[in-house]
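*Asks:* Chains as they are written, first to last, in our numbering: chain A, 1 to 259; chain B, 1 to 259; chain C, 1 to 309; chain D, 1 to 309.
In short, the hints are calculated from the structure, not lab data. Just so we're clear, the structure is a prediction, and the values are computed from it rather than from any experiment. Think of the CB as a built atom: it goes at the ideal place given N, C-alpha and C, for glycine as much as any other residue.
Okay, the calculated beta carbon distance ranges per label pair:
1) C:Ser145 to D:Glu181: 23 to 29 angstroms
2) C:Asp158 to D:Asp142: 35 to 41 angstroms
3) B:Gln27 to C:Thr84: 31 to 37 angstroms
4) B:Asp85 to A:Gln198: 50 to 56 angstroms
5) B:Asp85 to C:Lys148: 53 to 59 angstroms
6) C:Asp158 to A:Asp163: 55 to 61 angstroms
7) A:Glu179 to B:Asp85: 57 to 63 angstroms
8) B:Gly128 to A:Arg76: 47 to 53 angstroms
9) B:Arg2 to C:Thr84: 23 to 29 angstroms
10) B:Gln3 to C:Gly37: 19 to 25 angstroms
11) A:Val70 to B:Leu7: 21 to 27 angstroms
12) C:Thr116 to D:Gln155: 55 to 61 angstroms
13) D:Ala204 to A:Gly9: 37 to 43 angstroms
14) D:Asp142 to A:Asp85: 49 to 55 angstroms
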Amino acid sequence: MRQWELLVGEVLAPARGYVELRLEATQALEAEPGQFFMLRAGNLPDTYLPRAFSWYRQDAPRRLSFLFRVEGPGTRELARLRTGDLLQAMGPLGRGFPLPQQPIRAAILGGGVGVPPLWGLAKALLQGGSDVLALIGARAKAHIVGAKEIAALGARVLVATDDGSEGYRGPLTDLLPEEGIDAIYACGPEGMLRRVQQISLADGPPAYLALEAPMACGYGVCMGCVVERAEPPSDQGEYGRWARVCREGPVFAAQEVRL
Amino acid sequence: MRQWELLVGEVLAPARGYVELRLEATQALEAEPGQFFMLRAGNLPDTYLPRAFSWYRQDAPRRLSFLFRVEGPGTRELARLRTGDLLQAMGPLGRGFPLPQQPIRAAILGGGVGVPPLWGLAKALLQGGSDVLALIGARAKAHIVGAKEIAALGARVLVATDDGSEGYRGPLTDLLPEEGIDAIYACGPEGMLRRVQQISLADGPPAYLALEAPMACGYGVCMGCVVERAEPPSDQGEYGRWARVCREGPVFAAQEVRL
Amino acid sequence: MTGQAVSFAGLSLKNPVLTASGTFGYGREAAELYDLGLLGGVMVKGVSREPWPGNAPLRVARAPGGMLNAIGLQNPGLEHFLSTDLPFLRRYDTAVVVNVVGHDLQGFVDVVRGVTGQAGVGAVELNISCPNVADGLLFSQDPASARKLVAAARQATDLPLVVKMSPNVTDPVALGLACKEGGADALSAINTLLGMAIDLRRRAPVLGNRTGGLSGPAVKPVGLRIVFDLAAQVGLPVIGMGGIETGSDALEYIMAGASAVAVGTAVFRDPLAPPRIVRELVDELEQHGFESAAQAWAAANPAAKEAAS
Amino acid sequence: MTGQAVSFAGLSLKNPVLTASGTFGYGREAAELYDLGLLGGVMVKGVSREPWPGNAPLRVARAPGGMLNAIGLQNPGLEHFLSTDLPFLRRYDTAVVVNVVGHDLQGFVDVVRGVTGQAGVGAVELNISCPNVADGLLFSQDPASARKLVAAARQATDLPLVVKMSPNVTDPVALGLACKEGGADALSAINTLLGMAIDLRRRAPVLGNRTGGLSGPAVKPVGLRIVFDLAAQVGLPVIGMGGIETGSDALEYIMAGASAVAVGTAVFRDPLAPPRIVRELVDELEQHGFESAAQAWAAANPAAKEAAS
Ligand SMILES: Cc1cc2nc3c(=O)[nH]c(=O)nc-3n(C[C@H](O)[C@H](O)[C@H](O)COP(=O)(O)OP(=O)(O)OC[C@H]3O[C@@H](n4cnc5c(N)ncnc54)[C@H](O)[C@@H]3O)c2cc1C
Ligand SMILES: Cc1cc2nc3c(=O)[nH]c(=O)nc-3n(C[C@H](O)[C@H](O)[C@H](O)COP(=O)(O)OP(=O)(O)OC[C@H]3O[C@@H](n4cnc5c(N)ncnc54)[C@H](O)[C@@H]3O)c2cc1C
Ligand SMILES: Cc1cc2nc3c(=O)[nH]c(=O)nc-3n(C[C@H](O)[C@H](O)[C@H](O)COP(=O)(O)O)c2cc1C
Ligand SMILES: Cc1cc2nc3c(=O)[nH]c(=O)nc-3n(C[C@H](O)[C@H](O)[C@H](O)COP(=O)(O)O)c2cc1C
Ligand code: FES
Ligand code: FES
Numbered sequence: 001m002r003q004w005e006l007l008v009g010e011v012l013a014p015a016r017g018y019v020e021l022r023l024e025a026t027q028a029l030e031a032e033p034g035q036f037f038m039l040r041a042g043n044l045p046d047t048y049l050p051r052a053f054s055w056y057r058q059d060a061p062r063r064l065s066f067l068f069r070v071e072g073p074g075t076r077e078l079a080r081l082r083t084g085d086l087l088q089a090m091g092p093l094g095r096g097f098p099l100p101q102q103p104i105r106a107a108i109l110g111g112g113v114g115v116p117p118l119w120g121l122a123k124a125l126l127q128g129g130s131d132v133l134a135l136i137g138a139r140a141k142a143h144i145v146g147a148k149e150i151a152a153l154g155a156r157v158l159v160a161t162d163d164g165s166e167g168y169r170g171p172l173t174d175l176l177p178e179e180g181i182d183a184i185y186a187c188g189p190e191g192m193l194r195r196v197q198q199i200s201l202a203d204g205p206p207a208y209l210a211l212e213a214p215m216a217c218g219y220g221v222c223m224g225c226v227v228e229r230a231e232p233p234s235d236q237g238e239y240g241r242w243a244r245v246c247r248e249g250p251v252f253a254a255q256e257v258r259l
Numbered sequence: 001m002r003q004w005e006l007l008v009g010e011v012l013a014p015a016r017g018y019v020e021l022r023l024e025a026t027q028a029l030e031a032e033p034g035q036f037f038m039l040r041a042g043n044l045p046d047t048y049l050p051r052a053f054s055w056y057r058q059d060a061p062r063r064l065s066f067l068f069r070v071e072g073p074g075t076r077e078l079a080r081l082r083t084g085d086l087l088q089a090m091g092p093l094g095r096g097f098p099l100p101q102q103p104i105r106a107a108i109l110g111g112g113v114g115v116p117p118l119w120g121l122a123k124a125l126l127q128g129g130s131d132v133l134a135l136i137g138a139r140a141k142a143h144i145v146g147a148k149e150i151a152a153l154g155a156r157v158l159v160a161t162d163d164g165s166e167g168y169r170g171p172l173t174d175l176l177p178e179e180g181i182d183a184i185y186a187c188g189p190e191g192m193l194r195r196v197q198q199i200s201l202a203d204g205p206p207a208y209l210a211l212e213a214p215m216a217c218g219y220g221v222c223m224g225c226v227v228e229r230a231e232p233p234s235d236q237g238e239y240g241r242w243a244r245v246c247r248e249g250p251v252f253a254a255q256e257v258r259l
Numbered sequence: 001m002t003g004q005a006v007s008f009a010g011l012s013l014k015n016p017v018l019t020a021s022g023t024f025g026y027g028r029e030a031a032e033l034y035d036l037g038l039l040g041g042v043m044v045k046g047v048s049r050e051p052w053p054g055n056a057p058l059r060v061a062r063a064p065g066g067m068l069n070a071i072g073l074q075n076p077g078l079e080h081f082l083s084t085d086l087p088f089l090r091r092y093d094t095a096v097v098v099n100v101v102g103h104d105l106q107g108f109v110d111v112v113r114g115v116t117g118q119a120g121v122g123a124v125e126l127n128i129s130c131p132n133v134a135d136g137l138l139f140s141q142d143p144a145s146a147r148k149l150v151a152a153a154r155q156a157t158d159l160p161l162v163v164k165m166s167p168n169v170t171d172p173v174a175l176g177l178a179c180k181e182g183g184a185d186a187l188s189a190i191n192t193l194l195g196m197a198i199d200l201r202r203r204a205p206v207l208g209n210r211t212g213g214l215s216g217p218a219v220k221p222v223g224l225r226i227v228f229d230l231a232a233q234v235g236l237p238v239i240g241m242g243g244i245e246t247g248s249d250a251l252e253y254i255m256a257g258a259s260a261v262a263v264g265t266a267v268f269r270d271p272l273a274p275p276r277i278v279r280e281l282v283d284e285l286e287q288h289g290f291e292s293a294a295q296a297w298a299a300a301n302p303a304a305k306e307a308a309s
Numbered sequence: 001m002t003g004q005a006v007s008f009a010g011l012s013l014k015n016p017v018l019t020a021s022g023t024f025g026y027g028r029e030a031a032e033l034y035d036l037g038l039l040g041g042v043m044v045k046g047v048s049r050e051p052w053p054g055n056a057p058l059r060v061a062r063a064p065g066g067m068l069n070a071i072g073l074q075n076p077g078l079e080h081f082l083s084t085d086l087p088f089l090r091r092y093d094t095a096v097v098v099n100v101v102g103h104d105l106q107g108f109v110d111v112v113r114g115v116t117g118q119a120g121v122g123a124v125e126l127n128i129s130c131p132n133v134a135d136g137l138l139f140s141q142d143p144a145s146a147r148k149l150v151a152a153a154r155q156a157t158d159l160p161l162v163v164k165m166s167p168n169v170t171d172p173v174a175l176g177l178a179c180k181e182g183g184a185d186a187l188s189a190i191n192t193l194l195g196m197a198i199d200l201r202r203r204a205p206v207l208g209n210r211t212g213g214l215s216g217p218a219v220k221p222v223g224l225r226i227v228f229d230l231a232a233q234v235g236l237p238v239i240g241m242g243g244i245e246t247g248s249d250a251l252e253y254i255m256a257g258a259s260a261v262a263v264g265t266a267v268f269r270d271p272l273a274p275p276r277i278v279r280e281l282v283d284e285l286e287q288h289g290f291e292s293a294a295q296a297w298a299a300a301n302p303a304a305k306e307a308a309s
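Given the sequences, and given the hints that come with them, work out the whole structure.
*Replies:* Quick look at the structure:
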């Protein structure tokens, strides 16, 4: 991890409510799929703390993009940035998705703001020779992000929407094939992650879940972002009950956490 | 008074440490010389409160400029504005300089950030047929503001600097003619205002002083900006001891206040 | 359109947004900008029996996310209020809450009695929590004195009696309970937090009074906490304030347990903030599925939350 | 170059900038970014006798000009601290101040005794003011209990004994005096202000613990006021903290009476803040004509100000 001053290149609006910031660094940036950055979104009264974002796309070593939905003051400030503005970032942070040693058949699931880390994941899996089925969920057609971009990498993409306005109508996990998947990677709303976890633990393939939690620091010092461990280490007493999403995560194996 | 959203036109740097913001309104702006505006300089933690500034120049009904020295967080934020940015303003506020009914021989004194209100004052006095002697003070040559601009209106201008790097070396009030002045108008550091007050009260010409005070509201509701009255009204008891710089001022006659 | 009227503690307000005492004078300046009848009510600057001079300058200073003030309750006194300020406010269709200050019990009681029976006074608010006068905190730091003062004021008036709570105490709930015992109809919270600013050039405190009261967005979390605790544990209606700038801030206070809210420091940054917040609150209520502020209050009210937890 | 070293209360610091407890873990994460030897000292996360789990999520929330936290003192306990964290910190040339927490007097004393005599411990700081654990405020709200606790800790150690003051009390000076009587060598102030945030969608407090501690620039004026009062009226050295982000904030605290300062929440926004503030403070001191922090302290120190006023 280190601090970066990033130059805003393009600002895109890929779907309703979403913004993609394409940023440029003065040096090559290396980050694993699933890792994230803390972005300092202004210094308004309500944006004193930086905000956490997975990196989304990278088309050159010094170019990185972030994709986010406007939710509150932090994302509102980020959405105000214009070409030529500077942005402070800290990262890469956390533990990304574990990549297989050999080619596998992978299913990658992303719902809403959970889509961004899947682009880098799909790219890495495909480069390693794996077969990638990407399942992309959204509230409605107008809110779909990443599907085209991930398909362009060479992944097979299926879409589900809550209202059926595009693709399957219903939960994304319904689209998971019953057979022929060696590992599941997922990022998105808690309900979806819980379902993937159940499938995996009920004799399904191993699954890796990218979690979110409100964060203050993003690098392990505040203890603000904890998630409950499924099996606390025996030598840490009550302290070991929690893992930090920003440091031990954001990606956890399905059997590691209690959601 | 009303609220304005002003568009930043040009941003000038007329002297060391000074910035002139040339702003455009959507409607004609009318303000008296000596009146001021509260400018909302961003919303950083330290710029929650707006800041008070006298208007400086006006070359068209919808165009107004402000001239300020970078002092702290408020002026630092204002100095960051660029052409095309928007700025929130409230005004015009307060009581400006009283103008004579007939042509007079006026001396107008401004030191440092006290210069801005003199431009409009000189213009109004000259338009009324008065003869204007403008005395402009600064720390050193590099810090002189307004002298050229006020001379261009047709006033006679003399300059004094603390270090003698331009014009007279010493206090501005030394340049006041002993004879032939019908009224003095002054704005600037407290020491200078006190000296003008003394001269006026010691049988000199009437003097009008534009005061400054830290302000929260600028329109009379916080009672934060008070100055002591020389003769409190007899019917207000202890309450009458103070006058509000933002409402009863910022311009006071020399005999009205205790500096 | 959501129902905006609220009524509690004998006060009926056309909407739940008031202006906070000391940040609005007696309404004259704001009335140049908009119709005060747009407001639920006006809590006027503290009124004392005799005119008060207030503190020596400097009286205000900037603070991160807010400001410090040490005005010291400068005010023209009861007689001037009754002869000049109240008649002016009576012209507007809005509730007038008279903020009352005094150096001692009798000082408070004389003002309370003086405004009682005067047309146009909707309620009195006892300011026992001003940190900017030497004896200002006397009554807010000791429950027994607070109870005695409130009881004396209660004897002197049949107007709704509101008591303003200090955040600078260990146990605001104990104070609130004492005020309730004394006969208060409602509480208001919070007054300013005791703070200081240092002038590096002068190597000394910025304010003439050394310390001052912190207000503005910076104090909102403290205000929400105290309003929540008072509403849940004292059982009197609360007028919530501290850092309210937007309709969503107002709704946060209502969900914390406030029956109405007051806008203070925000009017320095934006003189039109009070009527704007009246409008924004209507939008926020609709957006969160409520038909009225009272309904939002009920949905989140502390008693229900206590029971559920 | 101005003289940066300060020493007080038996502590010798290479410069007057420490990191505040609970915002820096045990130094491991920051050590990936810079040499901890650049710092005057590290005040570690609160250490309890046994491992503590802390509170259930959500534990942090945004606040205007700062944040709220309700971590609840999650920590791995004394044994882990001594076997793993302290040896790590010993590798750096910086003072280690051990923040101590306990559920009761004995819990505090056991940790104080446990760290006494361990190489690399520069001082202990009794955290009697955490608002995020049920019994956290017990000792900070009542001078008699505070004195008793400090006296017991005093018996247990010859290390410099610092006591951390709560801002959530009516009279911090009374608490400070009680700690002095108990045998404290220095005070630190302030801990977080008790606050709350409301989630409009869930119609309930954001934090799992309902209330949390407010920190960051928003609280700076409150911190300055309490440091000023403690330094002037208690007569013990004070480590000042609360909203320090820049060298000029640090100098404000020093002029308010702090002998050293600690940087907390600012490290979340800028992980490099502590060494940056060390550098900025040197510049600020020079700019205001001081050769050392100690000189600036003396120029503005409260006792001198008292005498002059
Ligand atoms: C490791 C990680 C990676 C993330 N990657 C992305 C991404 O690529 N794109 C994206 O759009 N968002 C991402 N998020 C979520 C993003 O951090 C939040 O949307 C953002 O912090 C909201 O800030 P705000 O000020 O706009 O909204 P706020 O008003 O602060 O929050 C809006 C809502 O989001 C909740 N929230 C706040 N912070 C978080 C958080 N950190 N995690 C989950 N919920 C939160 C709040 O409780 C509230 O309900 C990520 C979060 C984490 C922890
Ligand atoms: C009626 C009026 C008209 C003004 N016109 C101009 C102008 O035309 N050009 C200009 O450069 N400045 C003008 N000022 C002063 C200007 O308001 C201050 O320089 C500004 O508020 C400083 O804000 P800051 O955040 O940059 O500095 P801060 O850090 O807030 O203040 C820097 C220094 O200025 C002092 N100060 C702060 N506010 C004021 C104030 N309102 N009056 C006097 N001292 C203050 C502080 O005590 C401190 O010493 C005027 C002030 C008033 C009251
Ligand atoms: C300049 C100023 C003057 C104030 N004067 C009074 C007063 O006279 N009486 C009173 O009860 N409260 C007074 N207050 C406190 C406010 O009414 C309010 O309780 C406090 O500022 C918190 O709200 P805010 O953050 O919205 O300003 C004053 C506050 C300010 C900023
Ligand atoms: C996330 C967090 C955790 C904290 N944990 C502790 C702690 O364990 N012990 C303690 O004495 N203070 C703790 N504090 C308080 C800080 O040490 C400090 O006193 C306070 O935050 C004010 O300083 P700041 O505004 O610079 O953060 C904590 C503060 C935060 C924000
Ligand atoms: S966000 Fe601070 S420890 Fe994870
Ligand atoms: S600045 Fe508020 S009354 Fe003058």
